[in-house]
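K.L.:
The task is simple: from the sequences and hints, build the whole structure.
These protein sequences, in sequence, are chains R and A.
Residue numbers for the first sequence, in numbering that gives the first Met the number 0: 0 to 565.
Residue numbers for the second sequence, in numbering that gives the first Met the number 0: 0 to 201.
Note that these hints are calculated values from the structure, not bench results.
Predicted model only: the values in this text are computed from it and were never measured.
The beta carbon of each residue, even a glycine, is placed where N, CA and C say it ideally should be.
Be a bit skeptical, because a hint or two may be false.
Ranges of calculated distance between the beta carbons of each label pair, as one might list FRET restraints [as the list claims (entries may be wrong)]:
| no. | chain 1 | residue 1 | chain 2 | residue 2 | range |
| --- | --- | --- | --- | --- | --- |
| 1 | A | L115 | R | D442 | 44 to 54 Å |
| 2 | A | F4 | R | P61 | 15 to 25 Å |
| 3 | R | W36 | A | H47 | 45 to 55 Å |
| 4 | R | A203 | A | V33 | 15 to 25 Å |
| 5 | R | P310 | A | G28 | 21 to 31 Å |
| 6 | R | A445 | A | R154 | 37 to 47 Å |
| 7 | A | R154 | R | Q314 | 47 to 57 Å |
| 8 | A | S49 | R | E31 | 52 to 62 Å |
| 9 | R | A17 | A | M0 | 42 to 52 Å |
| 10 | A | R154 | R | S122 | 38 to 48 Å |
| 11 | A | R188 | R | R46 | 40 to 50 Å |
| 12 | A | S116 | R | I14 | 28 to 38 Å |
| 13 | R | K410 | A | G5 | 34 to 44 Å |
| 14 | R | E59 | A | L1 | 14 to 24 Å |
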Amino acid sequence: MTTAGWLQFAAFFIIIIALTKPLGSYMARVFEGERTWLSPVFAPVERFIYRLSGVRADEEMPWHVYALAMLAFSAVSLAWIYLVLRTQQWLPFNPQHFPNLAPDLAWNTAISFTTNTNWQFYSGESTMSYFSQMAALAWHNFVSAGVGIAISVAVIRGVARTTTKTIGNFWVDLTRCCLYLLLPICVIGTLVLVMQGVPQNFNAYHTVKTVEGAAQTITGGPMASQEVIKELGTNGGGFVNANSASPNENPTPFSNLFEMVMIFLIGASLTYMYGKMVKDTRQGWAIFAAMAIVFVAGFCIAYAFEGAGNPLIHQLGVNGPNMEGKECRLGVGASALFATVTTDTSCGAANSSHDSFMPLGGLVPLVNMQLGEVIFGGVGSGLYGMIVFVVLTVFIAGLMVGRTPEFLGKKIEKREVQFAILAILVTPVLVLIPSAIASVKHDALATLGNAGPHGLSEILYAFSSTNANNGSAFGGLGSNFFWNIATGVNMFFGRFAVAIPALALAGALAGKKAVAPGIGTFTTNSTIFVVLLVGTILIVGALTFFPADALGPIVEHLLMLQGKTF
Amino acid sequence: MLKHFGIALRLTVVSIAIFGFVYPFAMTGLSQAVFPYQAGGVFVKDAHGSIVGSEIIGQSWHEPYYFHGRPSAAGKNGYDPTSTGGTNLAPTSKKLIDATKSAIAALKKENPDATLSVPMDLVTSSASGIDPDISPAAAYYQVPRVAKARGISVRKLTTLVQGAVRERTWRFLGEPRVNVLALNLALDRVAPVSGVRAHLRR
Numbered sequence: 000m001t002t003a004g005w006l007q008f009a010a011f012f013i014i015i016i017a018l019t020k021p022l023g024s025y026m027a028r029v030f031e032g033e034r035t036w037l038s039p040v041f042a043p044v045e046r047f048i049y050r051l052s053g054v055r056a057d058e059e060m061p062w063h064v065y066a067l068a069m070l071a072f073s074a075v076s077l078a079w080i081y082l083v084l085r086t087q088q089w090l091p092f093n094p095q096h097f098p099n100l101a102p103d104l105a106w107n108t109a110i111s112f113t114t115n116t117n118w119q120f121y122s123g124e125s126t127m128s129y130f131s132q133m134a135a136l137a138w139h140n141f142v143s144a145g146v147g148i149a150i151s152v153a154v155i156r157g158v159a160r161t162t163t164k165t166i167g168n169f170w171v172d173l174t175r176c177c178l179y180l181l182l183p184i185c186v187i188g189t190l191v192l193v194m195q196g197v198p199q200n201f202n203a204y205h206t207v208k209t210v211e212g213a214a215q216t217i218t219g220g221p222m223a224s225q226e227v228i229k230e231l232g233t234n235g236g237g238f239v240n241a242n243s244a245s246p247n248e249n250p251t252p253f254s255n256l257f258e259m260v261m262i263f264l265i266g267a268s269l270t271y272m273y274g275k276m277v278k279d280t281r282q283g284w285a286i287f288a289a290m291a292i293v294f295v296a297g298f299c300i301a302y303a304f305e306g307a308g309n310p311l312i313h314q315l316g317v318n319g320p321n322m323e324g325k326e327c328r329l330g331v332g333a334s335a336l337f338a339t340v341t342t343d344t345s346c347g348a349a350n351s352s353h354d355s356f357m358p359l360g361g362l363v364p365l366v367n368m369q370l371g372e373v374i375f376g377g378v379g380s381g382l383y384g385m386i387v388f389v390v391l392t393v394f395i396a397g398l399m400v401g402r403t404p405e406f407l408g409k410k411i412e413k414r415e416v417q418f419a420i421l422a423i424l425v426t427p428v429l430v431l432i433p434s435a436i437a438s439v440k441h442d443a444l445a446t447l448g449n450a451g452p453h454g455l456s457e458i459l460y461a462f463s464s465t466n467a468n469n470g471s472a473f474g475g476l477g478s479n480f481f482w483n484i485a486t487g488v489n490m491f492f493g494r495f496a497v498a499i500p501a502l503a504l505a506g507a508l509a510g511k512k513a514v515a516p517g518i519g520t521f522t523t524n525s526t527i528f529v530v531l532l533v534g535t536i537l538i539v540g541a542l543t544f545f546p547a548d549a550l551g552p553i554v555e556h557l558l559m560l561q562g563k564t565f
Numbered sequence: 000m001l002k003h004f005g006i007a008l009r010l011t012v013v014s015i016a017i018f019g020f021v022y023p024f025a026m027t028g029l030s031q032a033v034f035p036y037q038a039g040g041v042f043v044k045d046a047h048g049s050i051v052g053s054e055i056i057g058q059s060w061h062e063p064y065y066f067h068g069r070p071s072a073a074g075k076n077g078y079d080p081t082s083t084g085g086t087n088l089a090p091t092s093k094k095l096i097d098a099t100k101s102a103i104a105a106l107k108k109e110n111p112d113a114t115l116s117v118p119m120d121l122v123t124s125s126a127s128g129i130d131p132d133i134s135p136a137a138a139y140y141q142v143p144r145v146a147k148a149r150g151i152s153v154r155k156l157t158t159l160v161q162g163a164v165r166e167r168t169w170r171f172l173g174e175p176r177v178n179v180l181a182l183n184l185a186l187d188r189v190a191p192v193s194g195v196r197a198h199l200r201r
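P.N.:
What follows is the structure, encoded as structure tokens:
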């Protein structure tokens, strides 16, 4: 560990804290339908989109109509991406003449991008045409992020509004999100990345003769425009297989910092927007603080273990940090930070091989995903996941003091708690049961990249990542029919089986009256609440996953200290 | 129900037009206009004016008179940009430990005159398989070999390497490093190996 490494971490987090309020305020204006400084440009485009699509912008939706519209859009976008991947060889912008994808891989990829997961069982540089990359994958990075943010805005409205049936208009939220929020940042971000050296062209791959005379094929493509939305929308699907470790996607330490900021930016700003929309910004900062505590703890653990390095290699007489699967320009500090950031959020981009992390260094990304991706989280999904945890925390606190729990003046009753528990149970059920099945199935075990306890870690990581809609991988795991189908199903339920209960919870909360806080009200903007919230998240996560994780990374760590290899 | 599917269909088409086509094409045009060199792929030329690679993509090196990069898991022979990735081997993997052992042995054999300790990055594979850089320690480690093969003094070569070190951005971002391609091209300019270029590029 170095001073520079800690300074890099501090600088990153200070930038995030500084941007949370201004962007959060702007987002609140966007989703409250107010005029912004970009309205002169985008308002006519917005009206034109509504006219072409048949959207009535003033229509308000109850939660179930909102959910239905969200599902309808997700279904159509899923069908489009599947269609493109199955027909890409006949479509334009395919200079490398890549063939169509097999049905199971196309299905897995279509679900992966629709659910904002971007789990990739393919190598982009040898599989996807430029048409597929931009009109299917990068387009989906915009709209699947927009869907997530729209749901979180609807959930916030449910919390903020009283005695009403409606929580907004899905089509308007989606459109305004993509247009006013994602697009302008992406335009600037693309230029920043190109300046750093990320390619942005439609050229065929270029074969050169290297200095020593060998042939080397240099890839190209519209990378920068896809790279920025990959991070900003916490999608994480790389243009190339090595993702942000590739010097094409992430050429410099500065581009690395920029990409990490993009990943956290919206998730952090949503907390401020939440405070603004419930008319008490301290509510938002309380959630921000809870997220920050888990984030900082995670980074410190990952950095400590990666910085210390691999004792089995030290025994061979080579000292230094764990550089296996890491890039020289980034080093362990920037790699441990990126790994923490990308798994706190549901991004899943990677600038290093998580599979080659030290056992306990790699435990950090794994646990981050198992906590349900609520530490800043996926754009939107992080915040609505966190609100579910807030409701649970308020309920537990109410039980402890023997009062009817209240959340912002609204009574939390049986129905709300049921929806919250339903959403929280999705993660353990969909991670542990499939992992147990996979660890005794021959076709599942056949594609593991590593033996011993690390093999179990690969299985746990795959289901934690797909369920949490993260998409990063212990990359040693190969794909086959079993994994394509199993992770596809997991991604589907990981997204919608959380989003729909969260919307139902919002609908239930929106119908309630709010009473003024009394002397015994448990406030949700105090330090003690932050502590309780972090405690709830960690206890739910630890109780659920500790036994499984103990058999994977923790056993591996102990055996490593005894000098065992597999 | 049907109404919402209709809207979904139409909004999908409209949004594909905007975010799937207008956005990437407009950004390509803008990038090519503002940063034509980077947008095209940062290709570098040697002293003879022929393109020998990309500044940000590592390549394979075998000759003793060139500095070598890190082990690579990209493609069959390494450093294949169409097959990027790492080994994805676990820290407790027997394969990893064996591979590291043989990398150390090969490195020591190639550098019999090396006086420094073996640098970690020269015996471990990068995440991308096309890492263009090595650590400054890894460059200094190879100085005696390269100096001998080129017939120049260790001191002169050390100075050249020192000049090639890229420090951390703003002193705290990333790590200090040496771009292997840039260093080797500089080396060819300062101390050419007679006949080598002609032989290789015949």
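K.L.:
All the hints need checking, so say for each whether the structure fits it.
P.N.:
Taking the hints in turn, this is what the structure says about them:
1. A:L115 x R:D442: 44 to 54 Å: holds, 48 Å
2. A:F4 x R:P61: 15 to 25 Å: holds, 18 Å
3. R:W36 x A:H47: 45 to 55 Å: holds, 53 Å
4. R:A203 x A:V33: 15 to 25 Å: holds, 23 Å
5. R:P310 x A:G28: 21 to 31 Å: violated, 53 Å
6. R:A445 x A:R154: 37 to 47 Å: With a Cβ separation near 56 Å, R:A445 and A:R154 fall outside 37 to 47 Å, so the hint is violated.
7. A:R154 x R:Q314: 47 to 57 Å: violated, 35 Å
8. A:S49 x R:E31: 52 to 62 Å: This hint holds: roughly 59 Å between Cβ atoms.
9. R:A17 x A:M0: 42 to 52 Å: holds, 45 Å
10. A:R154 x R:S122: 38 to 48 Å: holds, 45 Å
11. A:R188 x R:R46: 40 to 50 Å: violated, 60 Å
12. A:S116 x R:I14: 28 to 38 Å: holds, 37 Å
13. R:K410 x A:G5: 34 to 44 Å: Given about 39 Å between the Cβ atoms, the range holds.
14. R:E59 x A:L1: 14 to 24 Å: With Cβ atoms ~20 Å apart, the hint holds.
Hint check: violations occur at hints 5, 6, 7 and 11; the rest are consistent with the structure.
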